[in-house]
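Respectively, the protein sequence lines represent chains A and B. Residue 393, in this note's numbering, is where the first sequence stops; the numbers in between run on with no holes. Residue 419, in this note's numbering, is where the second sequence stops; the numbers in between run on with no holes.
No lab work stands behind these hints: they were computed from the structure. You may find that some hints are simply not true.
Quick list of in silico lysine-lysine cross-link-like pairs, PhoX-like style, CA-CA up to 20 Å [said to hold, decoys possible]:
id : chain 1 : residue 1 : chain 2 : residue 2
1  : A       : Lys-217   : A       : Lys-200
2  : A       : Lys-348   : A       : Lys-217
3  : A       : Lys-275   : A       : Lys-319
4  : A       : Lys-389   : B       : Lys-384
5  : B       : Lys-155   : B       : Lys-140
6  : B       : Lys-145   : B       : Lys-311
7  : B       : Lys-321   : B       : Lys-253
8  : B       : Lys-384   : A       : Lys-388
9  : A       : Lys-297   : A       : Lys-319
10 : A       : Lys-389   : B       : Lys-140
11 : B       : Lys-317   : B       : Lys-384
12 : B       : Lys-384   : A       : Lys-206
Since we're looking at a predicted model, the values are computed, not measured.
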Amino acid sequence: MKKAWLIFLYSFCVYYFLKIIVGIKFRRAHFLKNTKQFIIVANHNSHLDTMALLAAMPSRLLVNVKPVAAMDHFGKTRLSSWFSRTCINAVLIKRHRDKVNPSLDPINVMLNYLDKGFSLILFPEGSRGIPEIAQPFKAGIAFVLRQRPHIPFLPAYMSGLGKAMPKGDNLIVPYGGRLVFGQLQTITSMSVDDILNQISAQLSVLKKPHKN
Amino acid sequence: MLNLGSFHSDIVIVVGLIFGILTIATILFATLKKLNPEKDYSELIQRTKSWWVMATVFIAATLLNNTISYVGIAFLSFLAFRELYSILNFRNEDRRAIFWALCAIPVQFYLAYIGWYGAFIIFIPIVMFLLLPMRMLVVGNMSGFIKSTATLQWSLMLTVYSLSHMAYLLSLPEVDGVVVDGRALLLFVVFLTEINDVLQFTWGKLFGKHKVVPKISPNKTWEGLIGGILCTIIFGYFLRFLTPLSPVEVVLVSLIIALAGFVGDIVMSAIKRDIGIKDTGSTIPGHGGVLDRIDSLSYTAPVFFHLIFYILY
Numbered sequence: 182m183k184k185a186w187l188i189f190l191y192s193f194c195v196y197y198f199l200k201i202i203v204g205i206k207f208r209r210a211h212f213l214k215n216t217k218q219f220i221i222v223a224n225h226n227s228h229l230d231t232m233a234l235l236a237a238m239p240s241r242l243l244v245n246v247k248p249v250a251a252m253d254h255f256g257k258t259r260l261s262s263w264f265s266r267t268c269i270n271a272v273l274i275k276r277h278r279d280k281v282n283p284s285l286d287p288i289n290v291m292l293n294y295l296d297k298g299f300s301l302i303l304f305p306e307g308s309r310g311i312p313e314i315a316q317p318f319k320a321g322i323a324f325v326l327r328q329r330p331h332i333p334f335l336p337a338y339m340s341g342l343g344k345a346m347p348k349g350d351n352l353i354v355p356y357g358g359r360l361v362f363g364q365l366q367t368i369t370s371m372s373v374d375d376i377l378n379q380i381s382a383q384l385s386v387l388k389k390p391h392k393n
Numbered sequence: 107m108l109n110l111g112s113f114h115s116d117i118v119i120v121v122g123l124i125f126g127i128l129t130i131a132t133i134l135f136a137t138l139k140k141l142n143p144e145k146d147y148s149e150l151i152q153r154t155k156s157w158w159v160m161a162t163v164f165i166a167a168t169l170l171n172n173t174i175s176y177v178g179i180a181f182l183s184f185l186a187f188r189e190l191y192s193i194l195n196f197r198n199e200d201r202r203a204i205f206w207a208l209c210a211i212p213v214q215f216y217l218a219y220i221g222w223y224g225a226f227i228i229f230i231p232i233v234m235f236l237l238l239p240m241r242m243l244v245v246g247n248m249s250g251f252i253k254s255t256a257t258l259q260w261s262l263m264l265t266v267y268s269l270s271h272m273a274y275l276l277s278l279p280e281v282d283g284v285v286v287d288g289r290a291l292l293l294f295v296v297f298l299t300e301i302n303d304v305l306q307f308t309w310g311k312l313f314g315k316h317k318v319v320p321k322i323s324p325n326k327t328w329e330g331l332i333g334g335i336l337c338t339i340i341f342g343y344f345l346r347f348l349t350p351l352s353p354v355e356v357v358l359v360s361l362i363i364a365l366a367g368f369v370g371d372i373v374m375s376a377i378k379r380d381i382g383i384k385d386t387g388s389t390i391p392g393h394g395g396v397l398d399r400i401d402s403l404s405y406t407a408p409v410f411f412h413l414i415f416y417i418l419y
């Protein structure tokens, strides 16, 4: 039931809305079909980012791909928490480590979902910030990847979405943008800094404009 | 629904002509590729393929059903407008004004649909001209205000207002009891504009030497321009059965369409030069963005409309 609902919502409604009305160019990531599990790592400027990434997922995988979102924002009220879980299929985490309750620690929550077989969407910049300007990465992604080094990550870069729906403004104004995926890859080092550098280098390669 | 009874035989002739030209071009480029495998014809082949799609969509949207034509042209304007403001680096504060400008599209095309000429002709140049700066004032950030209001109004004129004249052709009232066939007029101006583009391009490629505007568009040559204009006039002359114009009028109108198309083309080149990009997008393979294709139309549509309006009414 949830699977059908998410497919209707993202593979159909959101997909055509983003492509035809908003004007974001992207291709459905059919190359992921045979990948069991992955972590999508993307830059973050807009709520539309998650929408676009989910719309680009092969519909069969959709129910298994969980965007990671901040609990203080997306789980503020019971309604928003319900919405995040049923309509975004999100994993809600705290923004900071929790040494007191290991079961609520954001890293453990993410590892837990990975161990259940889910794929994750992570925005290592943490918050949306100013459109088209990258913020320093939070280290959480590196901790997760270091604990599960066999799970590949997929860099994804989006531009223009922050102009279509920037932080602090909920009106969507169509704006030509794009979403591109890089290559699936595993981490090459166990050091947190190296992992973060690997990810940010991949995202800067995708940032360069290119002909489709 | 498809209404075969209202299909005039002259429209069928033009549709046949369009697909005939495309068939010849497709065969020609395929043969050239076979004969000189070392030369690169991929762009021409890609362009021709895209022409097939565009021609089919256009013919389907204009000839099958009148209401669909208005919606189709409105959507084309929307795509062109969105593409233009997306490359023009508007401020974040301009988003609300852009949203208002987008809302003007359905209104403008509705006015064309109901044939309210007075409102249609002033809605964007007067009403939106007054409203958009007002919406920007409310935001409160005045740094960049002049540039934003001017650019937004101009973008709206160049894409939405211009192209809406294509739609109004379909709403022209009858003259002295005779029905004006708007679809034939629309077909005439679109076909002539696009064939003029192709002819100027071809003449330029074959015989081009002397550049017209070397700083803006190095591919535009006097040979291409003159050869293209002459051929366009010939096409216009033989297609005059689509219009209620006399032979002399049709020659003049074709000449002006050819010149206007040329100007529209270099205006778009100038925009791209200014912001330093080659194509406005990658929506149409081989052609670039939607804007790269409708650049000439944004000049020829209003020019042709007003010539017809002046001559007929």
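Hints, one by one, checked against the model:
1. A/Lys-217 / A/Lys-200: Judged against 20 Å, a Cα distance of about 27 Å means the pair is violated.
2. A/Lys-348 / A/Lys-217: The hint is violated at about 33 Å.
3. A/Lys-275 / A/Lys-319: holds (13 Å)
4. A/Lys-389 / B/Lys-384: holds (15 Å)
5. B/Lys-155 / B/Lys-140: holds (17 Å)
6. B/Lys-145 / B/Lys-311: Judged against 20 Å, a Cα distance of about 15 Å means the pair holds.
7. B/Lys-321 / B/Lys-253: violated (24 Å)
8. B/Lys-384 / A/Lys-388: Holds, at about 18 Å.
9. A/Lys-297 / A/Lys-319: violated (24 Å)
10. A/Lys-389 / B/Lys-140: violated (36 Å)
11. B/Lys-317 / B/Lys-384: OK: B/Lys-317 and B/Lys-384 at ~19 Å, within 20 Å.
12. B/Lys-384 / A/Lys-206: This hinted pair holds, its Cα atoms lying about 18 Å apart.
When held up to the earlier numbered hints, the structure conflicts with 1, 2, 7, 9, 10 and fits the remainder.
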